[in-house]
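Sequence order for the protein chains is A and B. Residues in the first sequence are numbered from 1 upward in steps of one, following my numbering. Residues in the second sequence are numbered from 1 upward in steps of one, following my numbering.
FYI, nobody ran anything at the bench for these hints, they're computed from the structure. Don't take every hint at face value.
Derived contacts from chain B toward chain A, CB cut-off under 8 Å, selection only [stated by the list, open to error]:
hint	residue
1	V49
2	C51
3	V134
4	D160
5	Q176
6	L251
With a straight-line Cα cutoff of 27 Å, these simulated DSS-like cross-link-like pairs (lysine-lysine) come out [to be verified]:
hint	chain 1	residue 1	chain 2	residue 2
7	B	K60	A	K243
8	B	K281	A	K161
9	A	K161	A	K304
10	A	K243	B	K285
11	B	K93	A	K246
12	A	K304	A	K153
13	B	K47	B	K60
14	A	K81	B	K290
15	B	K139	B	K93
All of these numbers come straight from a predicted model, not from anything done at the bench. Virtual Cβ for every residue (Gly too), placed ideally from N, Cα, C.
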Amino acid sequence: MTAVVQQSKPSFGAGTIILAGLSFFGFVLMIIRWATGLGATTALVDSRGWGIWIGFDVLCGIALAAGAFSVAAAVYIFQLKEFYPILRPTVLTGFIGYGLAALSIAIDLGFPHRIWHLLIYWNVHSPLFEVGWCVMTYVTVLGLEISPIVFEKFNLKAPLKLIRAITIPLVILGVILSTMHQSSLGTLFLPMASRVNPLWYSAILPILFFISAVAAGLSMVIIEASLSAAGLNHRLEVRLLGKIAKVIPYVLGLYLGIRAIDMLVAGDLRYMFTGDLFSFLFWAEVILGVILPIILFSMPTTRKNRYRMFWSAVLVVFGLIFNRINISLVGFDGAPYWPTWQELFISIGMVSIGALVFVLASRYLAVFSSHSPANAE
Amino acid sequence: MTINRRDFLKKTGFGLGGLLVQPDVSKLVTSPGSLKGGAGMLFDASKCVGCTECQVACKKRLNTLNPEVDISEYDVNPHDLSAYTWSLIKLYKDETDDSRSSFVKVQCMHCLHPACVSVCPVGALTKSEAGPVVYDDKKCFGCRYCMAACPFDVPKYQWDKVFPLIQKCDFCADRQEAGLQPACSSVCPTGALLYGEREELLLIAKNRIKNDSRYVDHIYGEHEVGGTAQLYISQVPFELLGFQALSAVSLPGLTWPWMAAVPGVVVVVGSLMSGIYWFTKRRNKLQLEKEE
Chain A
1 MTAVVQQSKP SFGAGTIILA GLSFFGFVLM IIRWATGLGA TTALVDSRGW
51 GIWIGFDVLC GIALAAGAFS VAAAVYIFQL KEFYPILRPT VLTGFIGYGL
101 AALSIAIDLG FPHRIWHLLI YWNVHSPLFE VGWCVMTYVT VLGLEISPIV
151 FEKFNLKAPL KLIRAITIPL VILGVILSTM HQSSLGTLFL PMASRVNPLW
201 YSAILPILFF ISAVAAGLSM VIIEASLSAA GLNHRLEVRL LGKIAKVIPY
251 VLGLYLGIRA IDMLVAGDLR YMFTGDLFSF LFWAEVILGV ILPIILFSMP
301 TTRKNRYRMF WSAVLVVFGL IFNRINISLV GFDGAPYWPT WQELFISIGM
351 VSIGALVFVL ASRYLAVFSS HSPANAE
Chain B
1 MTINRRDFLK KTGFGLGGLL VQPDVSKLVT SPGSLKGGAG MLFDASKCVG
51 CTECQVACKK RLNTLNPEVD ISEYDVNPHD LSAYTWSLIK LYKDETDDSR
101 SSFVKVQCMH CLHPACVSVC PVGALTKSEA GPVVYDDKKC FGCRYCMAAC
151 PFDVPKYQWD KVFPLIQKCD FCADRQEAGL QPACSSVCPT GALLYGEREE
201 LLLIAKNRIK NDSRYVDHIY GEHEVGGTAQ LYISQVPFEL LGFQALSAVS
251 LPGLTWPWMA AVPGVVVVVG SLMSGIYWFT KRRNKLQLEK EE
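All chains, please: the whole structure from these sequences, using the hints.
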C-alpha cells in the first residue's frame, strides 16, 4: 500500500485474499465442469445421481438462508423494529445464499444452458418445479429487498422511494415463497420411500424441513452477526441476538416433538437402537444438533455471552447440515460415493464466493447501518 | 383487510392444522398415469433359459435408433442396466441349491403411476395412454430427479457425454405404434416373455399360478407402487431375484397432496402475514396515541 491511499478502511486481510483465491479456483472448475461434463468431473454414477452439489450446496444453502425471511417478517410484519440493525446483513446473506443455490442447481444440471426450460415446460406435480420457481422468484424478491444499499450508495432517490413503497408486499411475498420451497425441499424426497433410510424418511418431511430451516436460519443470523462483528469491527448486538437465541429452543423443540411423534407413529423406533452407522449418525444429529442446542439456548447465561451463543448456533447449523446430508447422501440407498476434488472445490468455491461478496458489500455499502427504515417509523 | 381477529385466528388455526394432517394417499388418484389398462409384458422366470436373444434384439434396435451408440458393452455382458443397455438378462445363482437359481429380465417397469413422470420438473417424461413411459430429450435439462425417484433404479445417464441425456427402455413405443411387438418379446424363443394387454396378461399369470403349485403366489408388478405394465411370475422367491418388496402406494400420490396444498399455503400464509401486519400496525398506532 502506498502512502497516498487515504481511507480509514483497513486494507484487505489475508482472509479476504484466500477467499478470493478459492472463489476464483471454484469458478474456473465450474467452467471446466461445464466444458467437460459431469462424468469427467464428478464421482456420480447411475445409482448415485445426486452428490454434494445437491445435498450440501442446494439443500443446506437454501435452508441456512432461511434467516432472511424470518428476520424480514420480524421487522416488517411483526414490527419488532429493534431487529432492524441485523435486517440488512441477514437479507444480504439470503440474497447471496439463494443466488448461489441457483448457481449450484445450474452447475449440477446436465445441460446448464437449458435451465430456462423451467420457464416454458411446466410440470406442477414436480416438487423440483416448485422449488425452481420459488428460488427464481425469491432471488428477485431478496434482490429488491436489498437493493436500497446500492441505491443509497449512489444516492438514487427515485428507485429508493419505489422499493420502500413496495417493501411490505415484498416481505409478505418472501414469507409465502419461503414457506413454499423450504417445505418443498422436503417434498422432494417423499417419492423415495424405498431409498431413504427410515431414520430420515418421513411422510411429513415438508413440515420437518420447514421448521428445521427456520431454526438453522435464525442460528445463521447469530453466526453471521458474530463473525462480521469480529471481522469488520462492528458493534455486536448481543442483547438483540439474545432475543433471537430465546426463540430458537421453541422452534427446535417443536421440530423435535413433531419428529419424535412422527417416528413413533411410523414405527421407526426399532431403527434407532440397532447400533449400526445409521443409528449412530441419527443420534449424533439429534443430540448434538437439536437437543444440546435446546438446552444451551434455554440458559440465560448462554444468551448473554457472545461466544456461547455463537457456538450453540454452530451446533444447530451443523445439525441441519448433518440432517440434509444424511437424507440425500448417507441415508440414501445407492452406490458408494465420495466427492471428487473438483466437486469439493466447487462447493468450497461457492461458499467462498458467498463470503467474499458479503465482505466486499459490508466494506463498500451500508450493510450495517443503525438507522431505522423510512417507512416503518 | 377486513377480517376480525377472532375469525382470523380461527381460519389460520384451521389452515395450519390442515398442514399437520397426514394425507391419505391410498384414496388419491393422481392425474399422470392414472390409466388402468394399456399394454404390458409378462415375464415368466421359470420359462427363461437365459439365451439373451431379447437383450441382443434390444441392443440392435438401440443401435438403429442411434448409430453413434457404442454397443460393444454387449460383448462383455454387462452386470447392470446402463445408458446403453436398456434391457438385460440377469442370472441369480444359488450355489447350494441349483433349482433356486433363475434368470430374470430387467428393464423399465413402465409404472401405471410413474414417479419419474410426476417428479420431472420440465415434463420431459410422459406416460402414454398405450402404456410406455417415454422421454423427450429436447425438454430434459439433466436434473436427474427421475433417477433418484425411480423405485426400480431404471433411468440411466450418459456419464460419458459432455451433455448427457437420460436413457431407459421406452417399451419400443415406436414399434408398438406401428403395430409391432417390442423387440425383446418378439424374439423370445421359449414364451418366457409375453406381450399384450396388461389385463389379459394378469389373467394368464393368475392361471399359471393356480395350475402349478411351484409358482410363488404373487404377481410382481400387479400392485407394486400402484401397479406396473411389466409383470413377473416366478418359482423362485422374488427377493432372491433382486426384487425389492414395495408397497402398493402410488409414489406420485405421496407428493401430490403437498403440491396440491401449495395454493392453500399461499392463501393462508399470505393472509396470516397481512393480518399480523395490520394488527401490529394498529396496536403501535393506538399505543402512540395513548402516550400522547
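Results for each hint:
no.	hint	verdict
1	V49	violated (28 Å)
2	C51	violated (26 Å)
3	V134	violated (15 Å)
4	D160	holds (6 Å)
5	Q176	violated (24 Å)
6	L251	holds (4 Å)
7	K60/B to K243/A	violated (68 Å)
8	K281/B to K161/A	holds (20 Å)
9	K161/A to K304/A	violated (38 Å)
10	K243/A to K285/B	holds (24 Å)
11	K93/B to K246/A	violated (61 Å)
12	K304/A to K153/A	violated (35 Å)
13	K47/B to K60/B	holds (23 Å)
14	K81/A to K290/B	holds (19 Å)
15	K139/B to K93/B	violated (41 Å)
Violated hints, in rising order: 1, 2, 3, 5, 7, 9, 11, 12, 15; the structure is consistent with all others.
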